[in-house]
Structure formats: structure tokens, C-alpha cells
Amino acid sequence: MASELTIDSVRSAIVEDRMTATALAADFYDRIRKEDSEIGAFLTLCEKRALAQAGLIDQMAAEGQPLPPLAGVPVAIKDVMVTSGVRTTAGSKILENFIPPYDCTAVARLEAAGAVILGKLNCDEFAMGSSTENSAYGAVHNPHDKGRVPGGSSGGSAAAVAADMAVATLGSDTGGSIRQPASFCGVVGLKPTYGRVSRYGLIAFASSLDHIGPFAKTVKEVALVLRTIAGRDPMDATSAEVAVPDYAAELEKPVEGLKVGVAKEYFGSGLDPEVRAAVEAAIQKLAGLGCEVVPVSLPHTEYAIPAYYIVATAEASANLARFDGVRYGFRAKADNLSQMYRLTRDGGFGMEVKRRIMLGTYALSAGYYDAYYLKAQKVRTLLTRDFDEAFKKVDVIAAPTCPTPAFRLGEKVNDPLAMYLADIYTVTANLAGIPGISVPCGENHEKLPIGLQLFARHFDEATLLRVAHAYEQSRSLSVVGR
Amino acid sequence: MKVTDKDVAYVADLANLELTEEERARMLRDLNSILEYVERLSELETDQVTPMAQVSDRYGVDESRSGSDRFAYAIREDVKDGLRKSLPHDIAMKNAPDTDGTFFEVPKVIER
Numbered sequence: 175m176a177s178e179l180t181i182d183s184v185r186s187a188i189v190e191d192r193m194t195a196t197a198l199a200a201d202f203y204d205r206i207r208k209e210d211s212e213i214g215a216f217l218t219l220c221e222k223r224a225l226a227q228a229g230l231i232d233q234m235a236a237e238g239q240p241l242p243p244l245a246g247v248p249v250a251i252k253d254v255m256v257t258s259g260v261r262t263t264a265g266s267k268i269l270e271n272f273i274p275p276y277d278c279t280a281v282a283r284l285e286a287a288g289a290v291i292l293g294k295l296n297c298d299e300f301a302m303g304s305s306t307e308n309s310a311y312g313a314v315h316n317p318h319d320k321g322r323v324p325g326g327s328s329g330g331s332a333a334a335v336a337a338d339m340a341v342a343t344l345g346s347d348t349g350g351s352i353r354q355p356a357s358f359c360g361v362v363g364l365k366p367t368y369g370r371v372s373r374y375g376l377i378a379f380a381s382s383l384d385h386i387g388p389f390a391k392t393v394k395e396v397a398l399v400l401r402t403i404a405g406r407d408p409m410d411a412t413s414a415e416v417a418v419p420d421y422a423a424e425l426e427k428p429v430e431g432l433k434v435g436v437a438k439e440y441f442g443s444g445l446d447p448e449v450r451a452a453v454e455a456a457i458q459k460l461a462g463l464g465c466e467v468v469p470v471s472l473p474h475t476e477y478a479i480p481a482y483y484i485v486a487t488a489e490a491s492a493n494l495a496r497f498d499g500v501r502y503g504f505r506a507k508a509d510n511l512s513q514m515y516r517l518t519r520d521g522g523f524g525m526e527v528k529r530r531i532m533l534g535t536y537a538l539s540a541g542y543y544d545a546y547y548l549k550a551q552k553v554r555t556l557l558t559r560d561f562d563e564a565f566k567k568v569d570v571i572a573a574p575t576c577p578t579p580a581f582r583l584g585e586k587v588n589d590p591l592a593m594y595l596a597d598i599y600t601v602t603a604n605l606a607g608i609p610g611i612s613v614p615c616g617e618n619h620e621k622l623p624i625g626l627q628l629f630a631r632h633f634d635e636a637t638l639l640r641v642a643h644a645y646e647q648s649r650s651l652s653v654v655g656r
Numbered sequence: 004m005k006v007t008d009k010d011v012a013y014v015a016d017l018a019n020l021e022l023t024e025e026e027r028a029r030m031l032r033d034l035n036s037i038l039e040y041v042e043r044l045s046e047l048e049t050d051q052v053t054p055m056a057q058v059s060d061r062y063g064v065d066e067s068r069s070g071s072d073r074f075a076y077a078i079r080e081d082v083k084d085g086l087r088k089s090l091p092h093d094i095a096m097k098n099a100p101d102t103d104g105t106f107f108e109v110p111k112v113i114e115r
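Line by line, the protein sequences are chains A and H. According to this note's numbering, the first sequence is numbered sequentially starting from 175. According to this note's numbering, the second sequence is numbered sequentially starting from 4.
It is worth saying that the hints were derived from the structure and are not from the lab. Predicted model, so just to flag it, every value in this text is computed and none were measured. Honestly, I wouldn't trust all of these hints.
[As the list claims (entries may be wrong)] Interface residues of chain A toward chain H, partial, derived using beta-carbon atoms under 10 Å:
(1) Ser183
(2) Leu219
(3) Cys220
(4) Phe272
(5) Tyr311
(6) His318
(7) Lys320
(8) Arg501
(9) Asp509
(10) Asn510
(11) Thr518
(12) Gly607
[Claimed, not checked] Taking lysine to any residue and the SDA-like style, the derived pairs with C-alpha atoms no more than 20 Å apart in a straight line are:
(13) H/Lys111 to A/Lys320
(14) H/Lys9 to A/Arg529
(15) A/Lys433 to A/Gly405
(16) H/Lys9 to A/Tyr542
(17) A/Lys567 to A/Ser648
(18) A/Lys459 to A/Asp509
(19) A/Lys507 to H/Glu108
(20) A/Lys320 to A/His619
(21) A/Lys427 to A/Ser650
(22) H/Lys97 to A/Arg261
(23) A/Lys267 to A/Lys433
(24) H/Lys5 to A/Leu548
(25) A/Lys507 to H/Glu21
(26) A/Lys427 to A/Arg649
(27) H/Lys97 to A/Val500
(28) H/Lys111 to A/Gln513
(29) A/Lys621 to A/Arg450
(30) A/Lys507 to H/Phe107
(31) A/Lys586 to H/Leu31
(32) A/Lys507 to H/Asp101
(33) A/Lys507 to H/Ala99
(34) H/Lys5 to A/Leu538
(35) A/Lys586 to H/Asp33
(36) H/Lys5 to A/Asp544
(37) A/Lys507 to H/Leu31
(38) H/Lys88 to A/Pro275
(39) A/Lys267 to A/Lys507
Note that beta-carbon positions come from the ideal geometry of N, C-alpha and C, so glycine has one too.
With these hints in hand, go ahead and build the complete structure from the sequences.
Written out as C-alpha cells, the structure reads:
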């Protein structure tokens, strides 16, 4: 039953009195208690808060009041977004007992739109990772094959949707952390334009690259959630004063005549042949819908990973300086202040977080700043110009989300560079700030999901979602017809 | 090898990390392998390229104005009209690992 629920079906069932939000939330908690021991998507359940919200929705329905757009929809939140009164760990031991005093804007907006927040989702520590194996609270297992990773860092957010433990979830994406797990778990994941969704209350990893975005089973639901969380927020100076369209209404507009760019740089030597075939077939399908497929060039793509890992770790080394054991979080016992800082950070942070703090600190240190950090920022300009040029010719760009389907747990955990290369097709959108989406486009011979990635111009989520929706519709028709 | 043991110790010091012997050895290996990969950035000629620190530099900025007025779009209401109310003291202190009720307490900073 849970697998057939959508945002619209939940809302209409409540409006028509076929179901209460309270009973639905209870059903989801039952399901989570049954299924999640083998998946590990949830870190914290906030049943009291969820049932209070569900009760409110049921009361509104009973009184015949108009219901908000996400009324009664069971959702869950990656544990890097703070939730008032609900433990928020960022997947780190250093925040093991942290109870935030306020709500992240995106979370508050979801709740104001009627959504019922079930709990907080597992992720790589401080969102640093591509497999969710870096969580201090244990790895997440891919619902399609429990011996494989769900992707990361928002592995819990993708797995919860794939295993029907939430209708929609929020994740964060700094280098692919929404799109890559969406691809690995066979769900839809959107990273909006930088500035589209407020970052207020998102525990910062790399502030110029961090984005909040939705996961769901379908493009339409992702569109509905985006509309709810998007828009200017005075609490985040980088959130943009750009009107938020009714994305769901835009979905049905025709895609005929739209230009889809294909860049050879995204189909290079590391690409798995089955992923290549699935993505090429998806592009053919878009052509069949009347889109014009146009070759484009994104010549600096091969420099994206090195530029990204310098910029991201430099920003992280500054952002994570705040975790020192003084005001909140874990504190190690020590005889003096400087020793307390060190022992707290040594004991509170995991290996990958320490590695990135070290790399970022090195890149910013005297004598290396120009060679690494400044150089990476200049390359970021070149990468962004590549997209500017391409988007003069095309409306969207199609590519694989990841070079391979989900890899095995443990496969890359001791090789940081191999893990970083899992983000090779996704980091570019973070560096340029353009929106990107991953939509399921098939399976390999082991029944592992494959994702099609689409990019669009800054703030043109409407076109991005429209093309993704048209593709999704054509695919579900052909699957039925088979 | 670009990064040496001495560099690892120096950077750990800057980052307020202690690191065990084993962690230092891993850092030495990992930083060298990552930085070797990053080295390829030097293939690109970037003398005339402006560095990009923020995506938001690309929108909202009013180039016809000067100084901080160019970023008028980012001015928050609460700054215009006076400071936003901060968290009540007791709530702000609630997560403190050690407090006397008024201040955060930390181990001794200065030895007498």
C-alpha cells in the first residue's frame, strides 16, 4: 500500500475522509520498525512531533477547512538539517546529543505546508562521502541489494523513499549527494539552483556548494516539494529574490522543440557500458518525444573533481572549526583549553572528516593558497563558463548521474580518491550552481537502478522538471506496454 | 611525495587536531595521493581568469551601483529595522557541555 501513495493521493484520501493523517503516520512508523533494521535509514524518530502535526491536519479536515498542499504527507529529513527539539547529529559523534533550539527553514516550510515529519535520516558524517559508510551510526543498505551502498551522502534519504518508509524526503547536495544516491536507489532526486532553497539551518559543509533538495518516487512529487521549500528567506543572504513558479502546473507543457545537449565529456572511458546504454536509450526517447538532440562541449569537465575537492575541503575546514566542545556537542576531558579542543575534535570526528579538514587546511595554508585554493576557484570560473556557453545552444543537458550502478559496501572505503571519483558527473553542477536532477532510466543485468541526469540554466527548474517528467511518463508507458 | 611528516604535523596543529601515529601515516599517504591528482589543475592556463568564490555573485548584484550597495538584494529586513531577537539565554545554553548557568565553562586557559 505504502508504495502506491503519492502526495496527491494522501491529500485527497484525507479530504474525502477515507484515511486520517494520524492513522497514516502510525502505519509508516509500523513499517519503519519492521523494515529499517535491515536498511538503517533512520537515526531518530520524532513520533510526538509527527502525531501532533497529524492531529492538527485531521482536525482541519474534520472542520472542513481547506488543507495545505502537503497535508498529512509522511516525510523525513536528512540529519544535517536542524529540527527544534529533535536530536540532530549530522551523522557525527561530535553532535551525538545535540538538540537544536530552532528549525531549518526548509523543514519549517514543509511542516507549514502540512507535511508530517517522521524522523531524521542517516548520512555520511557532515555529508562527507559518497556511500553513507562514513556515518558514526552505521552504514545504510541499498534496498535494491542490501550488500550494496545506497550512495551518499544522503543515503538515508534515498533509501527511505525507495523502501516506502516516507513519501518524500529532504537531502543535501554539495557534490552530488542528492543525485548520486537517487540514482543508486532508483528514485528521483533534485538539486535546485544555488540560492533557490534557503540553507538556513543546514549544518554547513561547504557553504558555496551546499544545496537542500527533495527526493520522491516521481518528478511531480519532487516538483510539489520544491515549490514548498523554495524562495527567498531573510535568514539566508544567498537565497535569491527570484519568483517561485507553480512547478507541478508547468510539468504538462509540451517538450517538443526543446533542445537537449549531449556532451562527450560525460561519456568517457570510466563509464560502465550498461549505464552508457541506458542513458543513450533515454536520450533517444527524448528525441522521440520531439526534443532536438544537440552535441555540446564542456571541455573543462575533467578538472571538476580536483577543483571541487580543493574548494569543498577549504570551505569545510573553516566551517568545521566551530566544533570545539565549548558551546554544544561532545567534549573530551582535558587539563587545559588547547588540549580540550584537540581531544574533542580527535574523538568527535571520523577519519574522512579529519582527512578533509587536513586537506582544506593545507590548501589554505601560507605558501599553498595560490597554488591550490585560488587555482581551484579560477578553474571553477572556467567550468561555469562551459555551461554558460552550452546553455546558449540548448535548454537542458543530458548525462549519466554516475559512472556505475551502486557499488558494494566496503568496496571503496579505504581508497578516498576512488570514492571521490564516484562524483565525477555530479560535482560540476555544484561548482556552477545550476540545477540538476536524477531520474531512474533502467536497470543493469543485476537489477541495479541506473539514473539519467539532466541539467538546466540557473533558476530554470521548471524546464528541468518538465523534461524529466516527460521522460518519466514515456518510460512508464513503455514499461506497461512491454 | 609533496607532503612530508612535518607538513602533516604543522597542518594538524593549525586545524586543532592531534591525530594518532597511525592516522598521521594515513594522512601522509592520502594527502599525497589526492594532491597528486589535483596537480592536473596546473595544466590549465588561468592567469587572466577571475576566481569564483560564490555562485550568488552571478545574480542579484546591481553592477550600476558601487560598494556594498551592489549587494542591496541581500540586505535582511531585520538588519534594516533593528536586530532580530536572539535566542533566550537559557535555551542558548541548553546544549552546553559545561556551564555555571550563566557562562560556558572551559578548562583553565592561563596557568598561574
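How the hints compare with the structure:
1. Ser183: With a closest approach of 36 Å, the serine 183 of chain A hint is violated.
2. Leu219: 21 Å, violated
3. Cys220: 17 Å, violated
4. Phe272: 6 Å, holds
5. Tyr311: 19 Å, violated
6. His318: 31 Å, violated
7. Lys320: Violated, because the Cβ-Cβ distance from lysine 320 of chain A to chain H comes to roughly 29 Å (cut-off 10 Å).
8. Arg501: Holds: closest Cβ of chain H sits about 6 Å from arginine 501 of chain A, inside 10 Å.
9. Asp509: 6 Å, holds
10. Asn510: OK, holds: asparagine 510 of chain A within 10 Å of chain H, min 5 Å.
11. Thr518: 9 Å, holds
12. Gly607: 3 Å, holds
13. H/Lys111 to A/Lys320: 49 Å, violated
14. H/Lys9 to A/Arg529: Given pair lysine 9 of chain H, arginine 529 of chain A holds - Cα atoms ~16 Å apart, limit 20 Å.
15. A/Lys433 to A/Gly405: Measuring from Cα to Cα gives roughly 27 Å; hence the hint is violated.
16. H/Lys9 to A/Tyr542: 15 Å, holds
17. A/Lys567 to A/Ser648: 25 Å, violated
18. A/Lys459 to A/Asp509: Measuring from Cα to Cα gives roughly 66 Å; hence the hint is violated.
19. A/Lys507 to H/Glu108: OK: lysine 507 of chain A and glutamate 108 of chain H at ~13 Å, within 20 Å.
20. A/Lys320 to A/His619: With Cα atoms ~17 Å apart, lysine 320 of chain A and histidine 619 of chain A stay inside 20 Å; holds.
21. A/Lys427 to A/Ser650: 18 Å, holds
22. H/Lys97 to A/Arg261: 13 Å, holds
23. A/Lys267 to A/Lys433: Violated, at about 47 Å.
24. H/Lys5 to A/Leu548: 19 Å, holds
25. A/Lys507 to H/Glu21: At roughly 14 Å apart (the allowed maximum being 20 Å), glutamate 21 of chain H and lysine 507 of chain A satisfy the hint.
26. A/Lys427 to A/Arg649: 17 Å, holds
27. H/Lys97 to A/Val500: 12 Å, holds
28. H/Lys111 to A/Gln513: Holds. Lysine 111 of chain H to glutamine 513 of chain A sits at ~10 Å (cutoff 20 Å).
29. A/Lys621 to A/Arg450: 15 Å, holds
30. A/Lys507 to H/Phe107: Roughly 15 Å separates the two Cα atoms, so the pair holds.
31. A/Lys586 to H/Leu31: 19 Å, holds
32. A/Lys507 to H/Asp101: 11 Å, holds
33. A/Lys507 to H/Ala99: The given pair, whose Cα atoms are some 14 Å apart, holds under the 20 Å limit.
34. H/Lys5 to A/Leu538: 16 Å, holds
35. A/Lys586 to H/Asp33: Holds - the C-alpha atoms of aspartate 33 of chain H and lysine 586 of chain A are around 14 Å apart, at most 20 Å.
36. H/Lys5 to A/Asp544: Distance ~16 Å between lysine 5 of chain H and aspartate 544 of chain A Cα, so the pair holds.
37. A/Lys507 to H/Leu31: 28 Å, violated
38. H/Lys88 to A/Pro275: 14 Å, holds
39. A/Lys267 to A/Lys507: Cα-Cα ~15 Å, so holds.
This entry does not satisfy hints 1, 2, 3, 5, 6, 7, 13, 15, 17, 18, 23 and 37, going by the numbered hints stated previously.
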